[in-house]
Amino acid sequence: MSGTTSMRAGSRALLAILLPALALVAAGCGSSAKKGGALTVLSQGDIQSLDPGVEYSQYDYMAVAMPTQRALYGWRPGDRKPSPDLAAAMPQLSNGGKTITIKLKSGVRFSPPVNREATSKDVKYAIERTFLPSVGNGYAPVYFGDIKGAVAFQNGKAKHISGIKAPDPHTLVIKTKKPVGVLTTANALTLPGSAPVPRGYAKKFDRGSTSTYAQHVVTTGPYMIPNDRAGNVTGWVPSKRLVLVRNPNWRKGTDDRPAYLDRIVFLAGNDLSVATRRILTGTSLVNGDFAAPPVADFKLALERYGSQVSITPGDSFRAVTLNTKVKPFDNVNVRKAVAAILDRNALIATRGGPRIGQVATHYISPYMPGYQVAGGLKSPYDFMSNANGSLALAKSYMRKAGYASGTYNGPPVLMVGDNASPAKDTGEAIQSELQQLGFKLNYQQVPHEVANSKFCQVPKQNVAICPNWGWAKDFYDSQSLIDPLFNGKNITQTLNNNLPQLDDPQLNGAMDRAEQIPDAASRAKAWGELDRTITGLAVEIPWIWDNNVNERSKNVNGMVNAFDGTWDVSYTSIK
Amino acid sequence: MTGAVDFLHEAAEDAGPTGGGLDLGVRSPFQLFWRRLRTDRVALVAAGFIVFLVLVAVFAPQVVDLAGARPPNAPSKRYFTLGKVGVPSPTGPSSKNLFGVDPLGRDLFSRVVYGLRISLEIALLATGLSVLIGLVVGLFAGYYRGWVDTALSRLVDILLAFPVLLLALGIASACSLGNGCVGGLIKPGLSVVVAVIALINWTFIARIVRGQVLSVREREFVEAARSIGASNLRIMFREILPNLVAPLIVYTTLIIPQNILLEAALSYLGVGVRPPDPSLGKMLADATDVFDTAWWYMAFPGAALLLMVLAFNLLGDGLQDALNPRSARPR
Chain G
1 MSGTTSMRAG SRALLAILLP ALALVAAGCG SSAKKGGALT VLSQGDIQSL
51 DPGVEYSQYD YMAVAMPTQR ALYGWRPGDR KPSPDLAAAM PQLSNGGKTI
101 TIKLKSGVRF SPPVNREATS KDVKYAIERT FLPSVGNGYA PVYFGDIKGA
151 VAFQNGKAKH ISGIKAPDPH TLVIKTKKPV GVLTTANALT LPGSAPVPRG
201 YAKKFDRGST STYAQHVVTT GPYMIPNDRA GNVTGWVPSK RLVLVRNPNW
251 RKGTDDRPAY LDRIVFLAGN DLSVATRRIL TGTSLVNGDF AAPPVADFKL
301 ALERYGSQVS ITPGDSFRAV TLNTKVKPFD NVNVRKAVAA ILDRNALIAT
351 RGGPRIGQVA THYISPYMPG YQVAGGLKSP YDFMSNANGS LALAKSYMRK
401 AGYASGTYNG PPVLMVGDNA SPAKDTGEAI QSELQQLGFK LNYQQVPHEV
451 ANSKFCQVPK QNVAICPNWG WAKDFYDSQS LIDPLFNGKN ITQTLNNNLP
501 QLDDPQLNGA MDRAEQIPDA ASRAKAWGEL DRTITGLAVE IPWIWDNNVN
551 ERSKNVNGMV NAFDGTWDVS YTSIK
Chain B
1 MTGAVDFLHE AAEDAGPTGG GLDLGVRSPF QLFWRRLRTD RVALVAAGFI
51 VFLVLVAVFA PQVVDLAGAR PPNAPSKRYF TLGKVGVPSP TGPSSKNLFG
101 VDPLGRDLFS RVVYGLRISL EIALLATGLS VLIGLVVGLF AGYYRGWVDT
151 ALSRLVDILL AFPVLLLALG IASACSLGNG CVGGLIKPGL SVVVAVIALI
201 NWTFIARIVR GQVLSVRERE FVEAARSIGA SNLRIMFREI LPNLVAPLIV
251 YTTLIIPQNI LLEAALSYLG VGVRPPDPSL GKMLADATDV FDTAWWYMAF
301 PGAALLLMVL AFNLLGDGLQ DALNPRSARP R
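Residue numbers (my numbering), protein chains in the order written: chain G, 1 to 575; chain B, 1 to 331.
For the record, the hints were derived by calculation from the structure and aren't laboratory data. Wrong hints could be hidden among the right ones.
[To be verified] Lysine to any residue pairs mimicking SDA-like chemistry, simulated, CA-CA at most 25 Å apart:
id, chain 1, residue 1, chain 2, residue 2
1, G, Lys525, G, Arg513
2, B, Lys77, G, Leu437
3, G, Lys395, G, Thr312
4, B, Lys77, G, Pro113
5, G, Lys454, B, Pro276
6, G, Lys395, B, Arg78
7, B, Lys84, G, Pro313
8, G, Lys575, G, Asn388
9, B, Lys77, G, Gly470
10, G, Lys204, G, Pro113
11, G, Lys460, B, Cys181
12, G, Lys454, B, Cys181
13, B, Lys77, G, Asn388
14, G, Lys575, G, Lys325
15, G, Lys395, B, Pro276
16, B, Lys77, G, Lys325
17, B, Lys77, G, Leu393
18, G, Lys554, B, Gly83
19, B, Lys77, G, Asp206
20, B, Lys84, G, Thr312
21, G, Lys325, G, Pro505
[Claimed, not checked] One-sided and incomplete, this derived list gives chain B residues near chain G with beta-carbon spacing under 10 Å:
id, residue
22, Arg38
23, Asn73
24, Leu82
25, Gly86
26, Val87
27, Ser89
28, Asp102
29, Pro103
30, Ala151
31, Arg154
32, Arg274
33, Asp286
34, Phe291
35, Ala294
Cβ atoms here follow ideal geometry from the backbone N, Cα and C, with glycine treated the same way.
With the rest of the complex left out, here is chain G:
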């Protein structure tokens, strides 16, 4: 998922002991799922968009994309590979993987006011519109850019993308310039950008400088956002409340999702600590966008409400980034010294200890393809081997870097991190560890969004160290954990994700080749090997593979989807 995983603990909660005096006895007897009922989701922030062409954050997936849209492929809660959703079967490949043929299900219909069947033409339009400036999609060039004619369409030189064809209503053919692994394995076709958008209805909203399709969105999934007869969305009050109700045109026979709930309400603007306690003590509540509660609340939750807490692997990592374009981190041995001194166990303790994640030794996390190739739990590198950090080893690398005393004696270096717990605590722990190596830091603590969008992700700022960087997969293909972060072609002047500014022609070439591998097994091997090589450069020191921590009320029969790491409301029910 794009950007960083912002799981920072929220604001102050001095009077957080809130006891909703709801003496509701859970109906039902805890047996298996029951149809009906309403669920309320408490979140800190709000969703970003209702437009499937825009949605690209964890919470957008949970609240909108997964329950309301049907992309070509989807993720069943326990699966780590895509399965057909709007598509009837996995893609058929021909022409060396450069032609992808996808058959669509029949009988999947749009919600009111469109009310007709979704066809391959609607999928073609959906993918095309992800390239429209008025839509402002975040991943189209990266994952769909090698489709034939995509560049010409993006530059306004063609009316359609020539490489996407709809020969009949239930067949879609995608032709690419070279094999694109994330398409042939269907991984990128799970993104909400491939969910059908009715061209005739949506085209008028996509004109102009900013698309207004979000205010008129129609859905194909089991749920929809309430709207009026003309299609104007009435169920979303930004920053406050989003309501989902059943889509009357959804047919159970066409979908794996059981869709037990009748109604789901998402409430934004909650304090993390208060919301956690409300969920644990209340009824019919689950958490939304916060992937982990503050440490103190996490402890309370496990101690008193252990059965209501779900801990699942997050397929994401957190890392300390070192900018190779800023002295002294242009020197690989200085970087290795930093990697060696980091006490990763102590850093994990600042977030909640071993229950909140495990020590990372490289980037590809345990459940992602290529994990074993990349090294598994054991690192081949001495500077990544001691999770408690080693001052002696760090000093030996500093001496190799030319610091005779084993400690740094140059000018202060700029470090920019978050100003809220627990990320703030992590940053201060890193600061004290670096001080043992003689580093004097100009350490700025700013809000999370500022740290990223104004400093760490802006190469011009010359930030040397970013202690609070994190990254989560886009899907179960390890390209999404490596390529955006370390390929030289992905260095941008704003919202840059290649924080170390690593731009090694040989590595770039290897990554470009790995992008083109069509089959999943060979892809896993290639990206795993790249992970191992890049870890050896110590440009970005991973220290935790996060777990996702989710909480539910006692009467909620919750199901976490491994794909986005949060409750899958289409599979969750009320006891």
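Since chain G is already given, all that's left is putting chain B on it; use the hints.
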């Protein structure tokens, strides 16, 4: 504020060279002041406590050593307990860590000691700076009157019209990024906090001083000095200024605790001292997140702040009474 102004007028008369002869000239004004202060046990205890705090602050490294505590910026995961659910949380007061540890495993006792040091340092520097600015502005405004007075007084009025905390927050955050502000003169960190507090608080001093000067400049000894041809600067600083010392001392003692609290507030709001330096305000802010599981993190810094401010306030009250017996509270 008006109460303070009233008493200061009177106090100045008492303490001034002409007003000191009330008691048949046997005792100097300072002796009178000391005699009165001596009987005020509360003020004396407060003064004693302040001396103690200052000593602790000055000798912080030795105090921490003596108590066998770890240095203030040494995190350690050794002082976490995993509890029965495996979530690390800081441990409370023990023989190893007198005040317990914070969520990074740092010794809270040494952080409180160093926090006191930083609080006092900032409060004293900021108070000194604001007294200096306020004194000069007040002297000029009161002495020259006319357009100088008008200009300076309006400036004071304008500054007083700003919402203090918002102004301080704005300036502090503007100066806290990159290389600071005013061309790098104010660097992020301690100097920002000192500058912000001084900038806000000099106006009160300036008003007090101006009022005093307006009355003192009409006295005979000023007339006399002028008649023998003394320069304006000499009259201001050699003739008038000594008459302002007593009220200045009182007022300074009263704004020190205000400044300590302002520093704590700024640090609480995240624009004060920078990590890893401890600040009482910042500790209080951080403690709110973990109050359920680590009460000591809020209790000790909170108590330290409370006692320090209380001591300065009590001393200030005592000084006020001693300088101005006519407004003394019934004992």
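Here's how the hints hold up against the structure:
1. Proximity of Lys525/G to Arg513/G is assessed by CA-CA distance (about 13 Å); at most 25 Å being required, the pair is judged to hold.
2. Taking the CA atoms of Lys77/B and Leu437/G, the gap is near 19 Å; set against the 25 Å cutoff, the hint holds.
3. Between the alpha carbons of Lys395/G and Thr312/G the distance comes to roughly 37 Å, so the proposed pair goes past 25 Å and is violated.
4. At roughly 59 Å between alpha-carbon atoms, Lys77/B and Pro113/G are farther apart than 25 Å, so this suggested pair is violated.
5. With a CA separation close to 23 Å, the supplied pair Lys454/G and Pro276/B stays within the 25 Å bound.
6. At roughly 23 Å between alpha-carbon atoms, Lys395/G and Arg78/B fall within 25 Å of each other, so this suggested pair holds.
7. Proposed proximity of Lys84/B and Pro313/G is supported: the alpha carbons are some 21 Å apart, at most 25 Å.
8. Distance check on the hinted pair: Lys575/G and Asn388/G sit about 44 Å apart at the alpha-carbon level, beyond 25 Å; violated.
9. Distance check on the hinted pair: Lys77/B and Gly470/G sit about 23 Å apart at the alpha-carbon level, within 25 Å; holds.
10. Only pairs whose Cα atoms come within 25 Å are accepted, and Lys204/G paired with Pro113/G is accepted, the gap being roughly 15 Å.
11. A hinted pair counts as satisfied when its Cα atoms are at most 25 Å apart, and Lys460/G with Cys181/B qualifies at roughly 20 Å.
12. A C-alpha spacing of about 18 Å is found between Lys454/G and Cys181/B, which places the hinted pair at or below 25 Å, so the restraint holds.
13. A C-alpha spacing of about 10 Å is found between Lys77/B and Asn388/G, which places the hinted pair at or below 25 Å, so the restraint holds.
14. Between Lys575/G and Lys325/G, the direct Cα distance comes to roughly 56 Å. Violation of the 25 Å bound is thereby established for this hinted pair.
15. Taking the CA atoms of Lys395/G and Pro276/B, the gap is about 23 Å. The hint holds against a cut of 25 Å.
16. Straight-line distance between C-alpha atoms of Lys77/B and Lys325/G comes to about 33 Å, which puts the hinted pair past the 25 Å bound.
17. Note on Lys77/B and Leu393/G: the hinted pairing holds, with a Cα-Cα distance of about 20 Å set against a maximum of 25 Å.
18. Of the pairs offered as hints, the one joining Lys554/G and Gly83/B holds, with about 24 Å between alpha carbons and a cut-off of 25 Å not exceeded.
19. A hinted pair counts as satisfied when its Cα atoms are at most 25 Å apart, and Lys77/B with Asp206/G does not qualify at roughly 55 Å.
20. Restraint check: the Cα-Cα separation between Lys84/B and Thr312/G comes to about 20 Å, which is no more than 25 Å; the hinted pair holds.
21. Between Lys325/G and Pro505/G, the direct Cα distance comes to roughly 16 Å. Compliance with the 25 Å bound is thereby established for this hinted pair.
22. The beta carbon of Arg38/B comes no nearer than 43 Å to any beta carbon in chain G, farther than 10 Å, and the hint placing it at the interface is violated.
23. Here the hint on Asn73/B is kept, as its CB sits about 6 Å from the closest CB of chain G, short of 10 Å.
24. Checking Leu82/B against chain G by beta carbon gives a least distance of about 7 Å; that is within 10 Å, so the hint holds.
25. A least Cβ separation of about 5 Å between Gly86/B and chain G falls short of the 10 Å threshold, and the interface hint therefore holds.
26. Satisfaction of the interface hint for Val87/B is found here, the shortest Cβ-Cβ separation to chain G being roughly 4 Å, below the 10 Å cut-off.
27. Of the supplied interface hints, the one on Ser89/B holds, with its beta-carbon coming within about 6 Å of a beta-carbon of chain G, less than 10 Å.
28. The restraint placing Asp102/B at the interface with chain G holds, with a minimum CB-CB distance near 9 Å, inside the 10 Å limit.
29. A cut of 10 Å between beta carbons decides the hint on Pro103/B: the least distance to chain G is about 6 Å, and the hint holds.
30. The beta carbon of Ala151/B comes no nearer than 38 Å to any beta carbon in chain G, farther than 10 Å, and the hint placing it at the interface is violated.
31. Against a cut-off of 10 Å between C-beta atoms, the interface hint on Arg154/B is violated, since the closest Cβ of chain G lies about 36 Å away.
32. At a threshold of 10 Å, the smallest CB-CB gap from Arg274/B to chain G is about 7 Å, leaving the interface hint in force.
33. A distance limit of 10 Å between C-beta atoms decides the matter here; for Asp286/B the minimum to chain G is near 7 Å, and the interface restraint holds.
34. For Phe291/B, the suggested interface contact is upheld, since its CB lies about 7 Å from the closest CB of chain G, less than 10 Å.
35. The beta carbon of Ala294/B comes within 8 Å of a beta carbon in chain G, closer than 10 Å, and the hint placing it at the interface holds.
Violated hints, listed in ascending order, are 3, 4, 8, 14, 16, 19, 22, 30 and 31; each of the other numbered hints is respected by the structure.
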